[in-house]
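Asks: Taken in order, these protein sequences are the chains called A and B.
Per this note's numbering, the very first residue in the first sequence carries number 1; after that it's consecutive.
Per this note's numbering, the very first residue in the second sequence carries number 1001; after that it's consecutive.
Among the clues, some could well be false.
Below, in silico cross-link-like pairs of lysine to any residue (SDA-like), each with a Cα-Cα straight-line distance of 20 Å or less [claimed, not checked]:
#, chain 1, residue 1, chain 2, residue 2
1, B, Lys-1386, A, Lys-70
2, A, Lys-410, B, Thr-1354
3, A, Lys-70, B, Lys-1070
Here are some chain B residues the structure puts well away from chain A; computed CB gaps all over 10 Å [said to hold, decoys possible]:
#, residue
4, Glu-1079
5, Thr-1274
6, Ala-1283
7, Glu-1322
8, Thr-1340
9, His-1357
10, Lys-1386
Looking from chain A toward chain B, a few residues come up when the C-beta cut is under 10 Å (computed) [unchecked claim]:
#, residue
11, Gly-43
12, Val-371
13, Arg-395
14, Ile-400
15, Asn-403
Hint data in this document are derived by calculation from the structure and do not stem from the laboratory.
Here the structure is a predicted model, which is why all the values come from computation and not from measurement.
Using N, Cα and C, we set each Cβ at its ideal position, and we do this for glycine too.
2 protein chains.
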Amino acid sequence: MKAVLVIGDGMADRPLKELGWKTPLEVARKPSLNQIAETGICGTMDPISPGLPPGSDTATLALLGYDALKVYSGRGAFEAVGSGVDILPGDVAFRCNFATVDENLVVLDRRAGRISNEDASKLAESLQKIKLARRSDAEFLFKNTIQHRAALVIRGPKLSTAVSDSDPEKVGEKVSEIKPLDESPEAKLTTEIVKELMQKFREVLKQHPVNNERVKRGLPPANIILCRGAGTIPKVKPLPEKYGITAACIAAASLIRGVCKVAEMRLIDVEGATGTPQTDFMAKAKATVQALKTNDFVLLHVKATDVASHDGNIKQKIELIEKIDDMLGYVLNNIDLGSTYLAVTADHTTSSITRNHEGDPVPIAITGPYVRSDDVEEYDERACAKGGLNRIRGRDLMPILMNLIGKTKKFGA
Amino acid sequence: MKAVLVIGDGMADRPLKELGWKTPLEVARKPSLNQIAETGICGTMDPISPGLPPGSDTATLALLGYDALKVYSGRGAFEAVGSGVDILPGDVAFRCNFATVDENLVVLDRRAGRISNEDASKLAESLQKIKLARRSDAEFLFKNTIQHRAALVIRGPKLSTAVSDSDPEKVGEKVSEIKPLDESPEAKLTTEIVKELMQKFREVLKQHPVNNERVKRGLPPANIILCRGAGTIPKVKPLPEKYGITAACIAAASLIRGVCKVAEMRLIDVEGATGTPQTDFMAKAKATVQALKTNDFVLLHVKATDVASHDGNIKQKIELIEKIDDMLGYVLNNIDLGSTYLAVTADHTTSSITRNHEGDPVPIAITGPYVRSDDVEEYDERACAKGGLNRIRGRDLMPILMNLIGKTKKFGA
Chain A
1 MKAVLVIGDG
11 MADRPLKELG
21 WKTPLEVARK
31 PSLNQIAETG
41 ICGTMDPISP
51 GLPPGSDTAT
61 LALLGYDALK
71 VYSGRGAFEA
81 VGSGVDILPG
91 DVAFRCNFAT
101 VDENLVVLDR
111 RAGRISNEDA
121 SKLAESLQKI
131 KLARRSDAEF
141 LFKNTIQHRA
151 ALVIRGPKLS
161 TAVSDSDPEK
171 VGEKVSEIKP
181 LDESPEAKLT
191 TEIVKELMQK
201 FREVLKQHPV
211 NNERVKRGLP
221 PANIILCRGA
231 GTIPKVKPLP
241 EKYGITAACI
251 AAASLIRGVC
261 KVAEMRLIDV
271 EGATGTPQTD
281 FMAKAKATVQ
291 ALKTNDFVLL
301 HVKATDVASH
311 DGNIKQKIEL
321 IEKIDDMLGY
331 VLNNIDLGST
341 YLAVTADHTT
351 SSITRNHEGD
361 PVPIAITGPY
371 VRSDDVEEYD
381 ERACAKGGLN
391 RIRGRDLMPI
401 LMNLIGKTKK
411 FGA
Chain B
1001 MKAVLVIGDG
1011 MADRPLKELG
1021 WKTPLEVARK
1031 PSLNQIAETG
1041 ICGTMDPISP
1051 GLPPGSDTAT
1061 LALLGYDALK
1071 VYSGRGAFEA
1081 VGSGVDILPG
1091 DVAFRCNFAT
1101 VDENLVVLDR
1111 RAGRISNEDA
1121 SKLAESLQKI
1131 KLARRSDAEF
1141 LFKNTIQHRA
1151 ALVIRGPKLS
1161 TAVSDSDPEK
1171 VGEKVSEIKP
1181 LDESPEAKLT
1191 TEIVKELMQK
1201 FREVLKQHPV
1211 NNERVKRGLP
1221 PANIILCRGA
1231 GTIPKVKPLP
1241 EKYGITAACI
1251 AAASLIRGVC
1261 KVAEMRLIDV
1271 EGATGTPQTD
1281 FMAKAKATVQ
1291 ALKTNDFVLL
1301 HVKATDVASH
1311 DGNIKQKIEL
1321 IEKIDDMLGY
1331 VLNNIDLGST
1341 YLAVTADHTT
1351 SSITRNHEGD
1361 PVPIAITGPY
1371 VRSDDVEEYD
1381 ERACAKGGLN
1391 RIRGRDLMPI
1401 LMNLIGKTKK
1411 FGA
C-alpha cells in the first residue's frame, strides 16, 4: 500500500461576491477532484488549529505529522535549505524578497513585479560579491530561488534568530528598521550584520544595469532586498524513520522543498516545475506516478494557486484549480487504485479578497481501498465539511494515511 | 440518573469487498442498536487519536476518561490483575500466550488452536511448580486466564519493565530472544529470570501428557509460552473518586477486568461469560440490569467480536454483532429509559482483512433523556459519523456521560 498527498497551496478560499458567493473551488470545473471526493472520505481540516492562519511552512510541517507549534524555528532556514543552500546547524537564515521602493523607502511592490528568474539571478550574483566588515568571523550566502524569492544565510559563531524583519509585508508602508528582539550580544551582532548587508545590497541594486534595463522596459526595478523570518534548521525526527517509509517530495517552491528536506524526504526535480502559474502540471503528474514506484509516500505540492490568491486574481485561481484537476486526472488514471491512497487538500485558505492566508479550515478528501466513503460528491470547502472525516487537524492527516497503508504501530495490547 | 457503557471489542471494521464494500455492522440485523442510534445522539470517535491503532487496554483506559498516553504502563499488569493474580506495586507482569512452535522455534500457531481452558489449566498447574534458580529473592506466578491467554508475574526487589517480548506476534516467524531494553541492572536481572522461566516452561510443555493427548486428537500442542507487554500497575485516580460515582464492570476478558480493577470499579462475575464467541450474552444483559440497581455506572464489555475479527471470520463477526444486539434488546427493555443513559461503542476498529487493530475511528451512540438526538437512524461506522456528536476522542466520552448523569463539576463561576 502506498499514499500520495496532493497539496494545492492556498487553494481553499472564502465565498466571493464576484462568484455569486461561491468559492473558486466551488465554481471550477473539476471532474477528478469530484471523483476523489465521491469515491473517498471527506472532511474539513484545520491545518494547525481553528482560526489560526498558517504559513505554508508551518502547515506543511503539520501535514507531515509534526507539531509545528513546537518544532517551528522560522521560515528562513526552510527557504534556504529548499533552494539548495547548504545550511548548517547554527546558521541563521532569512527569507528575502526582491522588492521595489521609492526614494523614501516606501514599498511600491513587494515582489518587484514578480521579477524573472533571469534578472534575479544576475542581481543575486552581484550581491554575493559584497564584502562584510570584519567584526566577527561571520560570512553570508545570498541566493535567489523563484522569481522575487531569495534566501540569505548568515554563518558564524554566536548568532541569533532574535532579529526583526525589514519587510513590512504591506505595500505603501516604509521598510522596517531591523532590530534585535532580545538583549543578547548574539542578537545585537546578527542585527548589525543584517543591517550592514541590507544597506550594501541597496547601494548595489540602486545603480545595477539590470534595474536600469527594467525601468527602460517599464518594469519595476528590484531596488531593495526585504528580509524576514530569521530561522535555524529545526530538529525533527526524519519522516522515513518516524513511519518506516520511503518518502519523496515533488515541489518547486523552495520553502516546501526545505521543509521536506529537513524531514529527510527525497527531493525530486521536475523539469518545467517552476512554482509559478506557468508550471508544468503534467510533468509533475508524471513525476508523481514515477516516484510512487520507488516510494511509499509522495507529497505533490502546487504553489500556483497561492500565487493567484495573493494577487487577488480570481479568474486565474479558478483556471489553476482546473489545471490541478487535469493533473489529478493523469494521476488517477496511472496509479493502481487498488493499492494506493490519494489525499487532496490545501495547506491553508488564502482569501482572494484580503489576499492573505486566513485561518479558515481547508477541504480534505482521501480515496483508496477500504476507506469508509461517504455521501460527499464534490470537492470543495463546503461539500467536504459534510463528510465522514468530520473536522480533523493537519497533524492528524499523516497518522490517518499511515494507518491506511499499514505503517502505524499499535499502542497497547 | 445512571449510565451504561457498552463496548463491543473490535466491533468496528472497514468496508469489505466480501460484503459489497459494507462493514459487518452495516450488514448485520440490529434493531436495538438502530433504536439507540435513532433515539440518541451519534458520532465518530478516535479511541486515542486519529490514525493510532489502540490496544484494548489503552482504549479502555481512554474510554474510562484517563489519558492513556500518560498513564499506560504495559499490558502485562492489567492481564494479571484481571485474571485474579494478586499484583503488588513493583511486580513486573507479562501477558502470555500458550502457542505452538516447530523444532526450530518457528511459530506455527500463536494461540495453540485457541486451547481450551481445561487443557490450559492443567498445563499452567505444572508450570507453576517450576523452581527458579536462586539469583535473587525473585519468585513468579503463572496463571492461565481464557483459552490461550495467561499472565506471568515476577515479584522481587529491583525488577524492571524494560524487557523485550519473546512473542514475535506473527505466525511463521521465530520466537524472539528476550533482551533488556536499557542498561540497568534491574532490566538485566528481570531478563535473566524471564529467559530462565521461558526455557524451563518449554521443557515441561514439550513432554507434557496434555500435549501428547492433544497431538493424538489432532490438535496443535501448546508447546511454548510466548510473553509480551512487560508492565506494572499504573497509578490512576480511582473512577469512583474521580466522578463521585459507584461503578461496576461486567467483562470476562482479563485485560479489561484488569483495567477496571485498577480503576477501582467493582468486578462482577457472570456465570457463562467467557470472553469467547460462545459467551452467554443474555447472562451479561441480566447482570447489567441487576448491576444498575446498585451502581451509577456500569461498563459492559464483549470480547467476542474482536476474536472473530482476528480470525478473519466475517460471518461470525456479523452473527456476534446480532447477538450483541439481542443483548442490548434485553437491556433496553429492562432499564428505566427515563433515568438511564445507554452508550454503545467499540474500543477500536479491527479489520477482518488485515486481522489487526486499526486506527480508524469507531461509531458512538448515546441514548437517554435530554440528549440532543440527531437524524442518524442506523448504528454503524458511516451512519454514526453524520451524527450530532461529530468527531470526539475516547477520553471525551466519560465526561460527556458523567455530565448527562449530573456528576461533573462546574469549572469557573
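Asks: Compare the structure with the hints numbered earlier in the document and write down the numbers of the violated ones, lowest to highest.
Replies: Violated: hints 1, 4, 9 and 10.
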